[in-house]
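Residue numbers (the working numbering), protein chains in the order written: chain A, 1 to 370; chain B, 371 to 557.
Just so you know, these hints were derived from the structure itself, not from any lab. Warning: the hint list may mix true and false statements.
[Said to hold, decoys possible] Covered stretches of chain B (in silico footprint by chain A; criterion: 3 or more residues with CB under 8 Å from a CB of chain A, positions within the stretch not fixed): (1) 397-404; (2) 415-423; (3) 438-450; (4) 514-527; (5) 538-544.
Just so you know, even glycine gets a beta-carbon here, dropped at the ideal spot from N, CA and C.
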Amino acid sequence: MRHLSDGTLRRIYDEPLALAAADQAHFDGCGDCKVRFEAIANDARATTALLGVPAFEPQAASALATARARITRDEAARPPRWYERWLNQASPRWRPMATPAVAVLLAAALLTGVAVTGVAQSLVRIFEPHSVTAVQVSPSDFTGTSAVLDYGAVKWLPDAPKLQQLTDASAAQAQSGLPVLTPASLPRGVSGPVSYGVVSHATGSLTFDAARLQASAARAGVHVSPMPSSINGSTLVVNAGPALIEVWGLSADAGQAQVPTLVIAQTRIPTVDSSGATTTQLEDYLLSQPGVPPEIEAQIKAIKDPSTTLPIPIPKGLATSQPVQVNGVQGLMIKAVLGAGVVWVKDGVIYAVGGQLTPDQVLAIATTLH
Amino acid sequence: MLHAQAWQPIVTRTPLGAINQRVVDPFDRLFLQEYPKVVAIAYRVLADRPAAEDVAQEVFLKFHRSFSPDSERASGWLHSAAVHSALNVIRGERRRAQRETAHALDPAQPLIANPERLVEEAEQRREVRRALSRLPQRTAALLMLRHSGLSYAEVATALGIKVGNVGTLLRRAEEALRKEVNRATPE
């Protein structure tokens with residue numbers, strides 16, 4: 001047998017247990033390799049000594065406090081992104097909807113994906129929307145809930161989805177893989193330039209963990225229903241995106257508060273696969289969590305087929321909704337004081353068109369997109 | 371030839387199980403788990419505690435801006451960023467000598483009977499770091515990751531190389547460092 005390489009001998013010095021059995025047998029019986037090993041070990045020890053530094057004990061907790069303070073400062077100093085300006089300006093009273101109870105419901109609805117090693121064989125598709133339905137929510141219902149609960153380990157493959165802002169239509173099309181849609185004509189008051197937002201495709205998984213949830217609830221000082229054994233340990237695999245958003249009416253001046261005049265958005269339908277828990281089990285459990293108002297619980301439970309229906313939150317008192325025919329499918333027309341919007345699902349894509357427009361104008365745009 | 375100083379372990383790690391049970395936020399958990407290694411890598415390169423702590427802060431802030439703490443690649447990215455950021459500091463730095471002298475005389479340090487020896491050791495560390503800064507970046511990075519206590523598997527992940535190649539590359543890197551140090555300080 002050939003003598004062991006310098007690299008193998010160097011590793012024996014650091015990690016003797018990593019040696020393969022055949023190499024170990026050779027080393028035990030080879031005087032030459034032992035002599036070379038001694039020389040290599042001496043060099044390694046000399047290098048270790050050369051690179052020596054005085055001891056100190058890292059203070060991770062205080063370093064984390066410093067990092068957190070920097071993050072808070074940086075976040076406060078960061079100019080708002082265009083979609084944040086839009087949300088703040090267009091719908092200040094909708095913001096409470098971002099509170100966790102609803103976030104959990106929406107996350108369950110919007111999680112989407114790819115097979116995850118190990119669970120791929122046993123996954124069952126539990127959510128793939130083919131239609132939309134309105135769920136009325138009252139912003140005031142959520143003002144008292146601010147607890148952030150940790151339901152389990154979340155992984156993204158490879159990374160969490162990111163939103164990228166672009167000004168070029170062909171770049172947006174190339175990045176998203178979705179066609180840039182253009183209305184046949186623009187209503188009065190809507191004009192360029194158009195901003196594009198592209199959200200990358202992402203696959204994520206959430207593995208429910210009862211102990212983690214209890215710990216986060218205890219930390220937040222809220223009571224949560226115990227996680228049923230049918231859910232604990234189950235993994236949801238979510239496939240979402242890509243999404244392409246086209247926005248008219250934003251000026252280049254970042255400091256100026258702005259409301260878009262027209263938004264056209266499209267995304268491939270998200271899907272959720274489960275390694276165990278069923279749609280009904282998840283729905284029952286998540287709806288029993290703190291902060292979910294009984295009215296919303298009743299509306300979601302009334303959805304006939306929750307595995308194929310995407311709930312669209314409609315803020316009560318601020319907007320109304322009604323079914324409407326769009327491009328050969330049934331969609332949802334939403335009317336608000338500020339404007340109107342229409343949402344529909346067709347051929348595996350969710351479309352939304354909205355803006356400071358009348359329902360007729362929105363429908364005219366939606367039906368002439370090309 | 372410089373005389374060698376005995377190597378001392380520099381890191382006391384908190385058991386990961388204790389962190390997992392106590393900390394809910396994924397970024398905080400990652401920070402508490404990885405900070406000792408990240409700062410140890412930067413410190414091994416810089417031999418300067420405040421500078422190493424600065425590098426570790428920047429590495430974690432950059433990570434926070436760009437990645438999910440649940441990413442499977444988080445640890446490898448942090449280790450790689452720590453060693454490259456620290457190496458970039460010694461390559462570009464001109465003020466480190468003053469800082470290290472100040473650190474050597476830091477009253478918070480334990481009293482040492484022989485201050486001359488302390489200054490001599492500080493000078494030796496500076497000499498070694500100057501030699502390190504002249505090595506190819508990849509060679510220096512591999513050397514410092516291993517000598518910061520990372521396993522061969524962790525070194526391979528951080529640098530995107532095969533575990534089986536770490537020993538060979540490490541051996542070459544150590545030879546290169548010694549040659550560079552000897553060249554700079556002839557007998």
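Verification of the hints:
{"no.": "1", "hint": "397-404", "in the structure": "holds (count 3)"}
{"no.": "2", "hint": "415-423", "in the structure": "holds (count 3)"}
{"no.": "3", "hint": "438-450", "in the structure": "holds (count 5)"}
{"no.": "4", "hint": "514-527", "in the structure": "holds (count 5)"}
{"no.": "5", "hint": "538-544", "in the structure": "holds (count 5)"}
No hint from the list above goes unmet by this structure.
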